[in-house]
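Student: Chain order of the listed sequences is A and B.
Heads up: the first sequence at position 178 corresponds to 411 in the numbering used here, and the numbers run straight through without jumps.
Heads up: the second sequence at position 331 corresponds to 336 in the numbering used here, and the numbers run straight through without jumps.
Please keep in mind that the hints were generated in silico from the structure rather than gathered at the bench.
Some hints here could point you the wrong way.
Computed list of lysine to aspartate or glutamate pairs in DMTMM-like fashion (alpha-carbon distance at most 20 Å, straight line) [what the hints assert, rightly or not]:
| id | chain 1 | residue 1 | chain 2 | residue 2 |
| --- | --- | --- | --- | --- |
| 1 | B | 321 | A | 306 |
| 2 | A | 374 | B | 341 |
| 3 | A | 450 | A | 464 |
| 4 | B | 254 | B | 286 |
| 5 | B | 321 | A | 324 |
| 6 | B | 71 | B | 227 |
| 7 | B | 321 | A | 286 |
| 8 | A | 374 | B | 338 |
| 9 | A | 300 | A | 430 |
| 10 | A | 369 | A | 324 |
| 11 | A | 343 | B | 322 |
Partial pick of chain B residues on the chain A-facing surface, computed with a CB cut under 7 Å [to be verified]:
| id | residue |
| --- | --- |
| 12 | 311 |
| 13 | 319 |
| 14 | 330 |
Glycine residues also receive a C-beta, built at the ideal position from the N, C-alpha and C atoms.
If you want the building blocks of each chain, they are given just below.
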Amino acid sequence: MLKINNLTATVNEGAMTILNGLSLDIPAGEVHAIMGPNGAGKSTLSYVLTGRDGYDVTGGSVEYMGKNLLDMEPEERAAAGLFLSFQYPLEIPGVPTMTFLRTAVNAQLKARGAEELSAPEFLKKARKIAADLKIKPDMLKRPLNVGFSGGEKKRMEIFQMMMLEPKFIVMDETDSGLDVDAMRIVADGVNALRSPDRGMLVITHYQRLLDYIVPDKVHVLVAGRIAESGDADLAKKLEAEGYDAYAA
Amino acid sequence: MPTQPNLTEAETRLGGALPHRRVEAWKWTDVRNSVKETASGLVSACEPVFELPSDLSVNRAVNTAKDHAMGTLAHNFSGESYLIDVPAGYQSIDVVRLSGLSAGHARIFIKLGKSAELTVIEDHRSDEAGFVNIEVNYDLGEGASLTRTMTHRDHAQSTRIVTSQINAWASAKVIQHALSFGGGLSRLETNVAALGEGLNAQIHGAYLLNDQRHTDMTSYIDLGAPDGVIRQTVKGVVTDKARGVFQGKFHVRRPAQHTDAEMRHDALMLSDTSEIRAKPELEIYADDVECAHGNTLGALDESALFYMRQRGIPLKEARALLTEAFVAEVFDDLAEDRRDDFMTDIRTWLEANS
Ligand SMILES: Nc1ncnc2c1ncn2[C@@H]1O[C@H](COP(=O)(O)OP(=O)(O)O)[C@@H](O)[C@H]1O
Ligand SMILES: [Mg+2]
Numbered sequence: 234m235l236k237i238n239n240l241t242a243t244v245n246e247g248a249m250t251i252l253n254g255l256s257l258d259i260p261a262g263e264v265h266a267i268m269g270p271n272g273a274g275k276s277t278l279s280y281v282l283t284g285r286d287g288y289d290v291t292g293g294s295v296e297y298m299g300k301n302l303l304d305m306e307p308e309e310r311a312a313a314g315l316f317l318s319f320q321y322p323l324e325i326p327g328v329p330t331m332t333f334l335r336t337a338v339n340a341q342l343k344a345r346g347a348e349e350l351s352a353p354e355f356l357k358k359a360r361k362i363a364a365d366l367k368i369k370p371d372m373l374k375r376p377l378n379v380g381f382s383g384g385e386k387k388r389m390e391i392f393q394m395m396m397l398e399p400k401f402i403v404m405d406e407t408d409s410g411l412d413v414d415a416m417r418i419v420a421d422g423v424n425a426l427r428s429p430d431r432g433m434l435v436i437t438h439y440q441r442l443l444d445y446i447v448p449d450k451v452h453v454l455v456a457g458r459i460a461e462s463g464d465a466d467l468a469k470k471l472e473a474e475g476y477d478a479y480a481a
Numbered sequence: 006m007p008t009q010p011n012l013t014e015a016e017t018r019l020g021g022a023l024p025h026r027r028v029e030a031w032k033w034t035d036v037r038n039s040v041k042e043t044a045s046g047l048v049s050a051c052e053p054v055f056e057l058p059s060d061l062s063v064n065r066a067v068n069t070a071k072d073h074a075m076g077t078l079a080h081n082f083s084g085e086s087y088l089i090d091v092p093a094g095y096q097s098i099d100v101v102r103l104s105g106l107s108a109g110h111a112r113i114f115i116k117l118g119k120s121a122e123l124t125v126i127e128d129h130r131s132d133e134a135g136f137v138n139i140e141v142n143y144d145l146g147e148g149a150s151l152t153r154t155m156t157h158r159d160h161a162q163s164t165r166i167v168t169s170q171i172n173a174w175a176s177a178k179v180i181q182h183a184l185s186f187g188g189g190l191s192r193l194e195t196n197v198a199a200l201g202e203g204l205n206a207q208i209h210g211a212y213l214l215n216d217q218r219h220t221d222m223t224s225y226i227d228l229g230a231p232d233g234v235i236r237q238t239v240k241g242v243v244t245d246k247a248r249g250v251f252q253g254k255f256h257v258r259r260p261a262q263h264t265d266a267e268m269r270h271d272a273l274m275l276s277d278t279s280e281i282r283a284k285p286e287l288e289i290y291a292d293d294v295e296c297a298h299g300n301t302l303g304a305l306d307e308s309a310l311f312y313m314r315q316r317g318i319p320l321k322e323a324r325a326l327l328t329e330a331f332v333a334e335v336f337d338d339l340a341e342d343r344r345d346d347f348m349t350d351i352r353t354w355l356e357a358n359s
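Looking at chain B on its own, in the form it has when it is part of the complex:
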């Protein structure tokens, strides 16, 4: 048994251990090692900014702590939680926008009543170095439908952990698209629990990382009821000395018969010094299911690049075009305006990094 190292100064201020590389689920994302005791937001509350349709409101409430390390910290330092209650049958053309998540701890609970439909656009961004620990909880009532996008871009010296828990009752639907440009150390973790039958979950994402940026996209889909349909496509692009991490797990419990689940992670390495760590996992206890997973790692196709150059397309542009095509697939079925926003950000990144 490895002995637990003494608490770092940051951990002493926090009053407990941070996840570190000797914890299996955090082996590639060592939070302990990345957080300095001087980091802004380390022991303070984050004040999120909500833009809401006029018929929704945010309340504050005390909630119990989550039984994981980051959840406990979020509980201890965030003050009261933020709570949005979306009534049964709710529909709106207006979206919920969540921003201001640039430093500190916050806990957010968004509860969708029966058959409610909601679109949430989350902006996880910081312009200065700091520590961010956000817990976002969604509770989806029977037949509720959540459309969620997350964009993430942090200062190069920041640490960000976003832990999402999505609990879905029967026939609920969640479509999530995350786009990350990384930070010093960042993890976007999404946990989905099917509590009722017929979950439809699409948990997609892409990360594009340069310099020494780090993004970890971890997900855990816990299927405890039958007839779930799960689709997951995550694409990664890394260059310079950046590091991308993908950990995906489908846990198909015995009652989850007729689960239809597909997981893909594909990564492009644009430099020899970049890194990808991937761990796709299926754990299946039900016998009548269709589950598949795939994981690839590669470089841009040199022959295709030559072909494009022979047509007059400069190398840099050819690389950008091929990379864009590789990533764009993730966002194919995103609503047009959000897709356009994502693609604009991706093109800007490609112009600077191809």
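So here's chain A without its partners, still in its complex pose:
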């Protein structure tokens, strides 16, 4: 579903190479985890995949559902079902959460040539998902993420994800800032989205999230490339031993 081949990418107008020959293949239906030390390039990978300005691909390729992902604008990638749960979700001052999300949902439907959701349909769906995620209805009226706590922002990412029903999900340290209860709620949401035609890439610094979202494969990202791959047990080993063994 997502095939990353020998990808290199720079930041700072090419002054720093962050991704350095990264290859990864995630078939539909699978959940892969990426773990790695701070500064390894995990968030950079998430931004390169979603097309953020300032992250320049200098080599390699990314194929997403048979298309050249790197040719597409960020909003085209989103409409094609690619979703990123941000490590640091942005605040959108003055735009109520519901307005924002309705605009996003309908923009994606429109881009796919589908009919837009009516206001009542949208509201009904939003209420149900908010209740599942224990998000207070009051929060949905406030400008998106403005004044929200770290944990609330992360929960709001999952709320958006469940509303948008993406095909391929990248989660960048969604667990940071969440207590155990919140993590369980978030994991239930994510697990509910697991399906044979959906792929997921779960980026995390700690193993604990992977107790709740059990991955099919675990990759270790160090210095911009995959240093080792294995099954879910690899996460436990990393938790015990750290990343020192991969030091360059």
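Starting from the structure of chain A, add chain B with the ligands where the hints point.
Tutor: Just chain B with the ligands now, with coordinates in the frame of chain A:
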């Protein structure tokens, strides 16, 4: 001392000098340079159109000239002034609508008696190039309350100067919201004088300008009595080669103790070639007051735009949504139907210019 240049042909026809960039208060809005002698309305009277509640009427009268350049011109070329006398205690669900201000000079006097309440909706608009010079005077009796909105959109080659003087006696209230889409050169100037204690003045505005349009929102709040509460929020959005000007001054005289005044001007520049000129000023002689002012200038937040695009919102729409949110704040507490009208105009502008 700079020598005064010879009168331009337009000024010769007018019989006197127009404000120009070497006059401090007009340094960013050079009327002399923008007015051609052929401009329609240059030396003729404007005929405003009034829609009034049935129990109010418009009279004509000769009034003395104002002691500023545009006031003198308005006096010389407008013919008799228009006068509306609103009796003490007046209340109405109907509003006063003022339109037809598309070319020429006019002087309008609206006088609110004690505790009178009035809503005035002013439409400053032209579809053809021309020269417009409007003087609007409000006199607010004790405890009177004026709710005023102004919408402004001119032809790209027009020049418009609107000078408002609002004199407020004790406990008067004025809530003003102005929305400008600019013109060739335009200035909406609002001067408020607190003649009695306890003035409550909210002088808000927004301008959204494209092409080479120019709007100048200048205000001067002269506080000569205690216990005034002043709020001012002006937001600007400029793109292409447009130019926005904000000049705001709170003048807190010695008797104006316990004045509580806040001024904000925030502008968004959507292009590298657009311009903002801002001069917020506080001049304070009273010692027991709370006065603050702020002025910011910025661009749309690139990270927020990326976040929105990642959710599938196309760039143009994301820009429009963020800009709308930025401007909308000015009109938060406007009556709903007027707010809806303003927001519709703003969205139309954003669709064309984001
Ligand atoms: N926009 C940027 N400008 C400059 N340096 C950056 C930028 N983004 C990331 N980096 C640098 O790239 C490296 C990898 O960062 P990141 O991808 O955030 O790591 P991780 O998510 O694995 O902790 C770090 O050294 C970081 O400082
Ligand atoms: Mg990171």
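Student: Could you run down the list of hints and mark each one as holding or not?
Tutor: Each hint, compared with the structure:
This hinted pair checks out: residue 321 (chain B) and residue 306 (chain A) have alpha carbons roughly 13 Å apart, not beyond 20 Å. Only pairs whose Cα atoms come within 20 Å are accepted, and residue 374 (chain A) paired with residue 341 (chain B) is accepted, the gap being roughly 19 Å. Between residue 450 (chain A) and residue 464 (chain A) the CA atoms are separated by roughly 5 Å; this keeps the pair inside 20 Å, and the hint holds. The hinted pair formed by residue 254 (chain B) and residue 286 (chain B) meets the criterion: a straight-line CA distance of about 5 Å does not exceed 20 Å.
For a cut-off of 20 Å, the pair hint linking residue 321 (chain B) to residue 324 (chain A) stands: about 19 Å separates their Cα positions. Only pairs whose Cα atoms come within 20 Å are accepted, and residue 71 (chain B) paired with residue 227 (chain B) is accepted, the gap being roughly 17 Å. Distance check on the hinted pair: residue 321 (chain B) and residue 286 (chain A) sit about 16 Å apart at the alpha-carbon level, within 20 Å; holds. A hinted pair counts as satisfied when its Cα atoms are at most 20 Å apart, and residue 374 (chain A) with residue 338 (chain B) qualifies at roughly 17 Å.
Between residue 300 (chain A) and residue 430 (chain A) the alpha-carbon distance is near 16 Å, which keeps this suggested pair within the 20 Å criterion. Straight-line distance between C-alpha atoms of residue 369 (chain A) and residue 324 (chain A) comes to about 18 Å, which keeps the hinted pair within the 20 Å bound. The suggested pairing of residue 343 (chain A) with residue 322 (chain B) holds, with an alpha-carbon distance near 13 Å, which does not exceed 20 Å. Interface restraint check: residue 311 (chain B) against chain A, minimum CB-CB distance 5 Å, threshold 7 Å, status holds.
At about 5 Å, the closest approach between the beta carbon of residue 319 (chain B) and any beta carbon in chain A falls short of 7 Å, and the interface hint on this residue holds. Among the interface hints, the one on residue 330 (chain B) holds; its C-beta lies about 3 Å from the nearest C-beta in chain A, closer than the 7 Å criterion.
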